[in-house]
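*Asks:* Protein chains in written order, with the working numbering: chain C, 89 to 396; chain U, 13 to 268; chain V, 4 to 296.
Since the hints were derived computationally from the structure, they do not count as laboratory data. Don't be surprised by glycine CBs; every beta carbon is placed ideally from N, CA and C. Do not rely on the hints blindly, as some may be mistaken.
[As the list claims (entries may be wrong)] Rough simulated footprint, nothing fancy, chain U against chain V, three-plus residues with beta-carbon under 8 Å:
#1 44 to 55
#2 269 to 283
[Said to hold, decoys possible] So the derived list for chain C, only partly shown, Cβ under 7 Å to chain V, looks like this:
#3 D105
#4 L115
#5 I261
[Stated by the list, open to error] Once the Cα atoms are required to be at most 30 Å apart in a straight line, the calculated DSSO-like pairs of lysine-lysine come out as:
#6 K109/U with K51/V
#7 K109/U with K255/U
#8 K51/V with K233/C
#9 K159/U with K211/U
#10 K155/U with K132/U
#11 K109/U with K136/U
#12 K109/U with K81/U
#13 K132/U with K211/U
#14 K134/U with K159/U
#15 K273/C with K180/V
#16 K132/U with K159/U
#17 K159/U with K136/U
#18 K180/V with K159/U
#19 K81/U with K211/U
#20 K33/U with K180/V
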Amino acid sequence: MKATIPQPRRGSGSRADARFQAVIVALASIVLVTALAYSVVLLLNGASAFGREGLGFVFGSNWDPANGHFQAFPFIAGTFFTAIGALVIAVPLALAASLFIAEYAPDWLANPVAYLIELLAAIPSVVYGLWGIFVLIPATLPFQKWLASSLGWSAPIGPGLFSAMLLLAVMIIPFIAAISRDVIKLVPNDQREAAFALGATKWEVIRYAVLPYARAGILGGVILGLGRAIGETLAVTMVIGNANRFPQNLLSPTATMSSIIASNFGEASSPEFVSSLIGIGFVLLVVALVVNFLARIVIARLTPQGTV
Amino acid sequence: MNTDRPIRLQTENVGVFYGSKDAVRNVNVSFRSNTVNALIGPSGCGKTTFLRAINRMHELTPNTRVTGKIMLDGQDVYGSDVDPVDVRRRIGMVFQKPNPFPTMSIYDNVVAGLRLAGEKSKVKLDETVERSLRGAALWDEVKDRLKAVGSSLSGGQQQRLCIARALAVEPEILLMDEPTSALDPQSTQRIEDLMESLKQQTTIIIVTHNMQQASRVSDTTSFFLIGDLVEHGATEAVFQTPKDERTEAYITGRFG
Amino acid sequence: MVTRASQNIQVGISKTLSPARRAQNALAMVLVALGTLLVLVPLFLILKDLFVKGFSSLNLQFFTQSQSEITFLGSAGGFLNAIVGSVMMLAVALVIGVIIGIGTAIFLTEYREHRLVPSVRLMGDVLTGMPAIVVGLVIYGLVVRGLGFGYSGIAGGLSLGLIMIPVIVRATEEVLKLVPQTLREAGLALGLPRWKVIMNIVLPTARSGIITGVILAVARVSGEAAPLIFTAFGNSFLTWDPTQKMSGLPLAVYRSAFEPSEAAVARAWSGALVLVLAILVASLVARFAARKR
Ligand SMILES: Nc1ncnc2c1ncn2[C@@H]1O[C@H](COP(=O)(O)OP(=O)(O)OP(=O)(O)O)[C@@H](O)[C@H]1O
Ligand SMILES: [Mg+2]
Numbered sequence: 089m090k091a092t093i094p095q096p097r098r099g100s101g102s103r104a105d106a107r108f109q110a111v112i113v114a115l116a117s118i119v120l121v122t123a124l125a126y127s128v129v130l131l132l133n134g135a136s137a138f139g140r141e142g143l144g145f146v147f148g149s150n151w152d153p154a155n156g157h158f159q160a161f162p163f164i165a166g167t168f169f170t171a172i173g174a175l176v177i178a179v180p181l182a183l184a185a186s187l188f189i190a191e192y193a194p195d196w197l198a199n200p201v202a203y204l205i206e207l208l209a210a211i212p213s214v215v216y217g218l219w220g221i222f223v224l225i226p227a228t229l230p231f232q233k234w235l236a237s238s239l240g241w242s243a244p245i246g247p248g249l250f251s252a253m254l255l256l257a258v259m260i261i262p263f264i265a266a267i268s269r270d271v272i273k274l275v276p277n278d279q280r281e282a283a284f285a286l287g288a289t290k291w292e293v294i295r296y297a298v299l300p301y302a303r304a305g306i307l308g309g310v311i312l313g314l315g316r317a318i319g320e321t322l323a324v325t326m327v328i329g330n331a332n333r334f335p336q337n338l339l340s341p342t343a344t345m346s347s348i349i350a351s352n353f354g355e356a357s358s359p360e361f362v363s364s365l366i367g368i369g370f371v372l373l374v375v376a377l378v379v380n381f382l383a384r385i386v387i388a389r390l391t392p393q394g395t396v
Numbered sequence: 013m014n015t016d017r018p019i020r021l022q023t024e025n026v027g028v029f030y031g032s033k034d035a036v037r038n039v040n041v042s043f044r045s046n047t048v049n050a051l052i053g054p055s056g057c058g059k060t061t062f063l064r065a066i067n068r069m070h071e072l073t074p075n076t077r078v079t080g081k082i083m084l085d086g087q088d089v090y091g092s093d094v095d096p097v098d099v100r101r102r103i104g105m106v107f108q109k110p111n112p113f114p115t116m117s118i119y120d121n122v123v124a125g126l127r128l129a130g131e132k133s134k135v136k137l138d139e140t141v142e143r144s145l146r147g148a149a150l151w152d153e154v155k156d157r158l159k160a161v162g163s164s165l166s167g168g169q170q171q172r173l174c175i176a177r178a179l180a181v182e183p184e185i186l187l188m189d190e191p192t193s194a195l196d197p198q199s200t201q202r203i204e205d206l207m208e209s210l211k212q213q214t215t216i217i218i219v220t221h222n223m224q225q226a227s228r229v230s231d232t233t234s235f236f237l238i239g240d241l242v243e244h245g246a247t248e249a250v251f252q253t254p255k256d257e258r259t260e261a262y263i264t265g266r267f268g
Numbered sequence: 004m005v006t007r008a009s010q011n012i013q014v015g016i017s018k019t020l021s022p023a024r025r026a027q028n029a030l031a032m033v034l035v036a037l038g039t040l041l042v043l044v045p046l047f048l049i050l051k052d053l054f055v056k057g058f059s060s061l062n063l064q065f066f067t068q069s070q071s072e073i074t075f076l077g078s079a080g081g082f083l084n085a086i087v088g089s090v091m092m093l094a095v096a097l098v099i100g101v102i103i104g105i106g107t108a109i110f111l112t113e114y115r116e117h118r119l120v121p122s123v124r125l126m127g128d129v130l131t132g133m134p135a136i137v138v139g140l141v142i143y144g145l146v147v148r149g150l151g152f153g154y155s156g157i158a159g160g161l162s163l164g165l166i167m168i169p170v171i172v173r174a175t176e177e178v179l180k181l182v183p184q185t186l187r188e189a190g191l192a193l194g195l196p197r198w199k200v201i202m203n204i205v206l207p208t209a210r211s212g213i214i215t216g217v218i219l220a221v222a223r224v225s226g227e228a229a230p231l232i233f234t235a236f237g238n239s240f241l242t243w244d245p246t247q248k249m250s251g252l253p254l255a256v257y258r259s260a261f262e263p264s265e266a267a268v269a270r271a272w273s274g275a276l277v278l279v280l281a282i283l284v285a286s287l288v289a290r291f292a293a294r295k296r
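Start from the sequences, fold in the hints, and give me the full structure.
*Replies:* Listed below in structure tokens is the structure:
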């Protein structure tokens, strides 16, 4: 019986297994160290910016490449302004869309709408930017002018904080909507039925049974959306105006961390300029990491037992 | 109980652990060549655990441990110089639910073990397919559609395909964990009929919850209770004159 | 679970359906529908503008000429240089993304007992949230400047590949998790070494799902322009040499949008249209691959 099969050499399987495992572990180790490697590379390349300006690099507002001043606070602030503004616009709309898909619409309507929103997420940033410059800004300029004149602001030129917020909102809506929809769909049906059985209206079911259950997931999705908005580059670069200063008002041109890097990189002639841009990249990385960890903590902490 | 046949597998003080919990304790038992051996006992008593310790599948679960010795032809399968891959090649296994490889044809399923171990000869592979499928009493039903995917077969046929797949590498021992529990009575019947012919080629250890099945197909029966081997002996003896009252209680259906 | 919802309800509502509750319910429904409509409006506008403006200046030249071939005598040139660049850089990215991404997914699902699994999973998640521009800057610092390779298609492909990794890891991990454990055990019980079980049983079983994930990952990075600014830089001339500066479709769209020439802007719209169409076709192919098995 035994003799009919050539026995493999003892251990040949295990040795090959060990080699295979070593390769797999090596590949996974690349992922393990990548984030750290990113930080190290950016820190080394941007170190001289921190060296020259010290804390002023992050907290100072004097960005004047012609005279060798590189203080990035206006762009850090600009990043938060645009991202928060975009969230304010995007969250209610994304929530409405996810409720529509998950709770209100019948399947024949919900599926195409969900697909269209997925489509919105698949459009590249640069296409949004193109549309922003040539369609969105001209279309909203009359409104911007009216707003500026009624509030006594200086005349808007089109590109600026407002345009960036609006465009960014359109871009992160599908992202937040997709996460919210998934979370809402995971709410167990007995929660809804229990509420309906008490005579609750559709809205009351959502308000008291569905949303409390899905709250953590939705909030996590919103924070991840914030991370997206913070890192978003080209679309914002194309419509924000890239002025080296704080915005005077909602309509004036300003810049974000990513937009100042992308728009100034080509002109950055001096090593100080380049290292300052990379230094901003390092700050952006840190902010993005913090926001992502925050999202994960929120999801883990706020999730009621037995849910996602 | 066929005492003329040589002992193929023998365990010495075998204990099997999940973490610090011992699921099987101090088992001493031997199985003779070319016999069918039934493991019975109430759910959770450690039959599967013991079976998976024999072909070293148990160690694939993290944080597990096996103590004692399991001697295959006089050699401890847990010996320090023994490769678990070799052990599994010599000790085949059939699972509770049929699990043919979904991406492979019937033919490819049967020769998977050989081919992936490097066998290339078409003649040899063809030969193995026919021999194994005949051995599993499936040949006549599938010989005209060997290229069809394995999952296109009925549940009973799939289980026989899995038996053929295990037979193809000519295992010295074949472990079967409730191989008929997911099947209809007719398919069960066919597989029971198979056992008799299979033991010509190999030694079978089968876990079953079905007392009739155990008494019909097996030469020896081992009764487990909460991790202990309570009784082991010729099937006839165990069923007709059990030595332990717990065995009697179990086989007469008073618990379990 | 039921009781928690019930308690909430009892706090919130009374027994009879008052007109106020009825109105509130209707209002909520209207707002939800209105919000959804507001989400969809920009989508329709973008698609409309993209098709109208994109198609009106799309011609054969777009695919056969490069940006450098623009002349004052009417020829607007095309995006051949950018299309070739995108294809070449995506090929580089694909190699990196597939090898490291699938390898890592295998690690996470097939070697669960390994002590590094939790850390690798965490860092994979961290990479998912990494802005693309950061990756571009890293490759700039490391390869373009650090190693002194200068701007090149390879550097561009490298940055796109790094962006692909977490996407492929996640997609592959999901499908590998769906492969029943009992198939792995069946393979091992045949006396096959673990690596053969993984390569010949687990991966083929998950194949269509993995392909879907990879296609979607390629589609996703094919629209990335930001990292290319710092790595491939852009090149209005056609080149097949990946050690040279290269353009990519999204990068060419970005640059053309700011050119003071109507022909260039029109070409940018065509480029955007072609890019979106390519991504849509890829996603459809991916869906198709996922469905058939
Ligand atoms: N992966 C595991 N981790 C921890 N304990 C386990 C694990 N698998 C099984 N056990 C425990 O080991 C004991 C024996 O289980 P085992 O599956 O071997 O029983 P069994 O006799 O095969 O039962 P059944 O007849 O239901 O198949 C049980 O108490 C079970 O809870
Ligand atoms: Mg069992």
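*Asks:* Could you run down the list of hints and mark each one as holding or not?
*Replies:* Hint check:
1. Under a criterion of three residues with beta carbons nearer than 8 Å to beta carbons of chain U, the stated coverage of the region 44 to 55 of chain V fails, only 0 such residues being counted.
2. For the region 269 to 283 of chain V, the assignment as covered by chain U is violated, since 0 residues bring a beta-carbon within under 8 Å of that chain's beta-carbons and 3 are needed.
3. Look at D105/C: its Cβ gets to within about 5 Å of chain V, closer than 7 Å, so that hint holds up.
4. Hint status for L115/C relative to chain V: holds, with the closest Cβ pair at about 3 Å, below 7 Å.
5. Because the smallest distance between the Cβ of I261/C and any Cβ of chain V comes to about 5 Å, under 7 Å, the interface hint for this residue holds.
6. Simply put, K109/U and K51/V have alpha-carbon atoms about 54 Å apart, too far for the 30 Å limit, and the pair is violated.
7. Using a Cα cut-off of 30 Å, the hinted pair K109/U and K255/U is violated, with the two alpha carbons roughly 33 Å apart.
8. For the hint pairing K51/V with K233/C, the CA-to-CA distance comes to about 26 Å; that is within 30 Å, so the pair holds.
9. For the hint linking K159/U to K211/U, the alpha-carbon distance of about 29 Å falls within 30 Å, and the restraint holds.
10. At most 30 Å may separate the alpha-carbon atoms for a hinted pair to count; K155/U and K132/U meet this at roughly 21 Å.
11. With a CA separation close to 29 Å, the supplied pair K109/U and K136/U stays within the 30 Å bound.
12. Our distance criterion of 30 Å between C-alpha atoms is met by K109/U and K81/U, whose separation comes to about 29 Å.
13. As the CA atoms of K132/U and K211/U are separated by approximately 28 Å, the hinted pair is consistent with the 30 Å bound.
14. Restraint check: the Cα-Cα separation between K134/U and K159/U comes to about 15 Å, which is no more than 30 Å; the hinted pair holds.
15. Distance check on the hinted pair: K273/C and K180/V sit about 21 Å apart at the alpha-carbon level, within 30 Å; holds.
16. For the given pair, K132/U sits about 18 Å from K159/U by alpha-carbon distance, which is consistent with the 30 Å threshold.
17. For the hint pairing K159/U with K136/U, the CA-to-CA distance comes to about 17 Å; that is within 30 Å, so the pair holds.
18. Using a Cα cut-off of 30 Å, the hinted pair K180/V and K159/U holds, with the two alpha carbons roughly 28 Å apart.
19. Our distance criterion of 30 Å between C-alpha atoms is met by K81/U and K211/U, whose separation comes to about 24 Å.
20. Only pairs whose Cα atoms come within 30 Å are accepted, and K33/U paired with K180/V is accepted, the gap being roughly 28 Å.
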